[in-house]
Amino acid sequence: MSGAHEYIFKYIIIGDMGVGKSCLLHQFTDQKFMTDCPHTIGVEFGTRVIEIANKHIKLQIWDTAGQERFRAVTRSYYRGAAGALMVYDITRRQTFHHLASWLTDARNLTNPHTIIMLIGNKLDLAEQREVSFEEASRFAQENGLIYMETSAKTGENVERSFIETATKIYQNIESGVLDPNSVESGIQVTTTLIEPAREQQQSGCSC
Amino acid sequence: MKRIKQQVETYLNTTEECKLLAELILQKETKAKVLLCLVANRRSPHEMALILFEKAKEEYDTAIRIMSFRLLKKDDFGLKIVSELQFDLFFKENTALFSFESTSVSTMWSVINALTNAVKVVNTHVAPNQEDTDFDFDTYTWAEFYTKYTEPDQNLEKETSKAEQRMMISDNDKKQDQTSDFRTSVAIKEDWIAKQLQNKEDQFTEKRPLTFVIGTWNVNSKIPNHLVSSWLRINEDEAADVYAVGLQEIDMTAGALLTQETKISDQWTKIITDTVNSCTSHKYVCLLSKQLVGIYLIVFIKEEHLEHVQDLKSHIEGVGIMGMLGNKGAITCQFKLYSSTVCLVTSHLAAHTGGTSKRNQNFADLSQRCHIDDDESIDFIFWFGDLNYRLTLSDADTRQAICDNQISHLLAHDQLVIEKKNNRVFVGYEEGTITFMPSYKFDAGTNIYDTSEKKRTPSYTDRILWKDVHKVGGIQQLYYSMHNTFMISDHKPIVSCFKVPIKIIVQDKYKQLYRELIKMLDKLENDMLPEIQLSTQMLQFDTVEYNSPKVCEMTLENTGQVVCEFIFVPKPGEDYPHKPWIKIEPIGGIIMPHESMVIKVTLKVDSHMAHQLMDQPDLDDILILHLKQGRDHFITVTGKYQVSVYGIALDQQVPECLWRLVDWLYRYGIKEADLFQEAGITEQVHQIRRQLDHHLPFDDNVSVHSVAEAFVGFLESLYDPLIPHRYYRMSIETSSNAGACVHLITKLPKAHFDTFHYVMAFLREVLKHSNENHSSIDTLAIIFSRVILRPPLNYPQLQANSNDLRAKALFVKHFMTQSHHWTREELVQE
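Chains as they are written, first to last, in UniProt numbering: chain A, 1 to 207; chain B, 1 to 830.
These are calculated hints, taken from the structure and not from any lab test. Just so it is clear, CB atoms sit at the ideal spot from N, CA and C, and this is done for glycine as well. A hint or two may mislead.
Claimed, not checked - Listed next, the stretches of chain A that the computed footprint assigns to chain B, with coverage defined by at least 3 CB atoms under 8 Å from CB atoms of chain B:
1. 15-21
2. 29-43
3. 69-76
Said to hold, decoys possible - Pairwise CB distance ranges, derived in the manner of DEER restraints:
4. B:G588 <-> A:E184: 37 to 47 Å
5. A:E51 <-> B:P570: 34 to 44 Å
6. A:N143 <-> B:N526: 26 to 36 Å
7. B:D373 <-> A:K32: 48 to 58 Å
8. B:G573 <-> A:E127: 42 to 52 Å
9. A:Q171 <-> B:Y429: 48 to 58 Å
10. A:E51 <-> B:V569: 29 to 39 Å
11. A:E51 <-> B:S596: 33 to 43 Å
12. B:G588 <-> A:E51: 37 to 47 Å
13. B:Q198 <-> A:E51: 53 to 63 Å
14. B:M520 <-> A:E130: 37 to 47 Å
15. B:F436 <-> A:E51: 31 to 41 Å
All chains, full assembly: derive it from the sequences and hints.
Written out as structure tokens, the structure reads:
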């Protein structure tokens, strides 16, 4: 029963400066909200192991700088991402308007099967909302994206968004759409020593 | 303990050579207190070593001494998790192995992380020539300090380990074993989780007693014409979870001996299947039914458990004629039921009263050949069958004891009881108390012991034993009995019922524990990422002038818990980590935890870049500071180049600034002693450049030598030298031929020709005053040929040697002698 497989999925988080990308990462990896989170100047890095269909999958998340002047450099981190979380701030319409350009980058620089999820962050400030759920939904639908609204502060939907993206990637592997062994897939297959604690159906009856 | 730690720290600090990265107290093997320290050389942090300190056992003796000092070498060091709080360290180059135990998971992990991190650093850094396995202090001079502290017997150990090492090399397998034991941190983590799960099994499993009914019967080739439910006690109230039936002598024909399996087994399968499935409301599924000549095993399980059965396997081994035929032998049925593995064995062993040692041997052979002994996964074994052990009493005494119902007297003379007591067979197995009469040998169709001529002594040939392999306890035998009502065979059937404590994983609890472990490791992993604090991520240089380096410093502080290796990496699609006008010192390095390093970033625009920056004077760049196994930091560099006439390209005429410099030197400096040989004052040279750029007069008190240096510097800054790059090679080649040199000059573009002519005319003037200014044609030729004739960037460096220097000087000299008097037009006309 050796050779249960574990995957590593590479994620990137992209979007305008100050939409809460790093806070989403920390909420997901540490279950903590970072107040006074400094602007990311560079590319941050975090990991967490999640479980999908009884498989343990490690998410390796690259959180990129949102400042426009770093755009040329951060583009190089898109390559080989299995999932991309494209974040805007529901209280700042401008960040929503810039999505088209982020999406162009994401589409051009990742593989065709990279799952892109649209995230409207700062749901805890819904009373200051400048982008309606319906409008963003429409944008997501038109561009074939999964869409979710989150709050990195309260943690609402944060876990769901990461896991839903991973589920989609996993489905693509299972259905054969995505080859996990290809370099561009953003997936690493690792053999683990841990057996899943699941008694499997035994049909080996010889009578 | 704290005292020792302090001592070690003092100890290490006195050397100022290395730094303590991690330490762990406690060694399990010896009672003496031992401290494990990972240290690194301060100057060259990829050189790391492990030091084991030992404290004397006596409390009053506070001295510590180095027990062992081992440098970490490439692929030399291995680490293996023994339990959740214990790990082993070993080295490939010798057989030393250290076993450590920690008191807390987090301490253990911080040490393991430091060690695995160290291994990564060492493995990526040590030069290949250090793969030499000999222990060599020469390469790590800082380590010499410690050799003094290694005791003499330590050297002795070194010698022996070398001898062992030679042995190991010859013993290739062993060496490979150790190499393959080198685990990555991922594997180490998985080991640890597996060990944790194993240790905490009680937290997520529960024992559920399942009922096993086991029957054995030597049927003497007979087949009953009815169900056998009374033998196996199958009824609604006592419905078991597992039924296992072993039969012997179902088919004793010669044909069976050849084919092993015959049609008769089908009949038995039908009878037993019908029996188990007709007497209760439960449905039973057959897991296995196999025949080996006369031996037959069939196993049923209650349908509800079927989905929890896995790893079903079976062995069939004969130990009969020739030690291999199936007239004697065994069939096993092994499977994992929930999380416990059960092995059911039925066997028919060698016959006759005198066959005891043969039977013992049969048992040993079958245990081995059916892999019952060597399979660690088996939790419970049930061994049943016609084991053929006899009573050693005389026939008369036996029959008398049977009449008197003296079972204990009979058993005192039972070969199996005796052999087992003497550990000659069924070691570790248990058998329940026998309360029934011998099951062998009866006159067929009766309950009367053998009255035939052979008059076999009645015996307990048919037995059921079990073994609780891992001694978990809890197996309960509910009954062990014989059934007199079955009279077709000369043996009576035996049956026993057990409550077996089967381990069942409670999925919710398992998942919860697993999740907790993963979460803990996630946290440790994120905590162990290299982390660096930068004093600034924005380096602002304001204006940068020609050839005036400007420096900004930034401090990198390792705020993480592991050694951090950093390097500035090129942006995608670029070859260099920075623009040509930036210099970073150092470009990469290693920083110990809690230590800092200052990075010097210098901006300098020299003659190579000045021209390119004239139209686009913004000095902007983004540096990527990459932490190995970690994040990237971006550092923005901003500045503006102060555009200057220095670096211009000659286009139409002698540049104005050159005219100004020459004019000034001609007026005020031509008689200055050591003109062009003494250095100017740097600040004045820069000031002159600024004044040229802004068309301002030179300062009154300016030094002649500063103006002379500014003059030479201007010629050097020209985008294309006075003799353009494309003529460089030709100039060198024709330098010895004055005519050819003059001819070459005629081909220059007008601006270059005029300027060259102008500069040469001036130098000839300078030479006229050589008495005062101490100039000589040779020195001037060397100084000016260097700036007038500059090799193109792609010119092979090797060729720019002293021959080139001589040739360049020679070339220029032709034009510095007074005899020549020419203009371009005249030369062209010639």
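Verification of the hints:
For the stretch 15-21 of chain A, the stated coverage by chain B is not satisfied: 0 residues place a CB nearer than 8 Å to a CB of that chain, which falls below the threshold of 3. Residues of the stretch 29-43 of chain A lying with their CB closer than 8 Å to a CB of chain B number 5, which satisfies the three-residue condition for coverage. Counting residues of the stretch 69-76 of chain A whose C-beta lies closer than 8 Å to any C-beta of chain B gives 6; at least three are required, and the coverage claim holds. A hinted range of 37 to 47 Å for the beta carbons of B:G588 and A:E184 is inconsistent with their spacing of about 29 Å.
The given range of 34 to 44 Å is respected by A:E51 and B:P570, whose C-beta atoms sit roughly 38 Å from each other. The beta-carbon spacing between A:N143 and B:N526, approximately 32 Å, falls within the hinted interval of 26 to 36 Å. B:D373 and A:K32 have their C-beta atoms about 53 Å apart, which keeps the hinted 48 to 58 Å range intact. Remark: the range hint 42 to 52 Å for B:G573 to A:E127 is upheld by a beta-carbon distance near 45 Å.
Range check, A:Q171 to B:Y429: Cβ separation about 52 Å, and the 48 to 58 Å hint holds. Distance hint check for A:E51 and B:V569: the Cβ-Cβ separation is about 34 Å, which falls inside the suggested range of 29 to 39 Å. With their beta carbons about 41 Å apart, A:E51 and B:S596 fall inside the hinted range of 33 to 43 Å. Judged by the Cβ atoms, the range 37 to 47 Å given for B:G588 and A:E51 holds: they are separated by roughly 38 Å.
The supplied range of 53 to 63 Å is broken by B:Q198 and A:E51, whose beta-carbon atoms lie about 20 Å from each other. At about 41 Å, the CB distance of B:M520 to A:E130 agrees with the hint of 37 to 47 Å. Remark: the range hint 31 to 41 Å for B:F436 to A:E51 is contradicted by a beta-carbon distance near 54 Å.
The structure fails hints 1, 4, 13, 15 (numbered hints given earlier, in ascending order).
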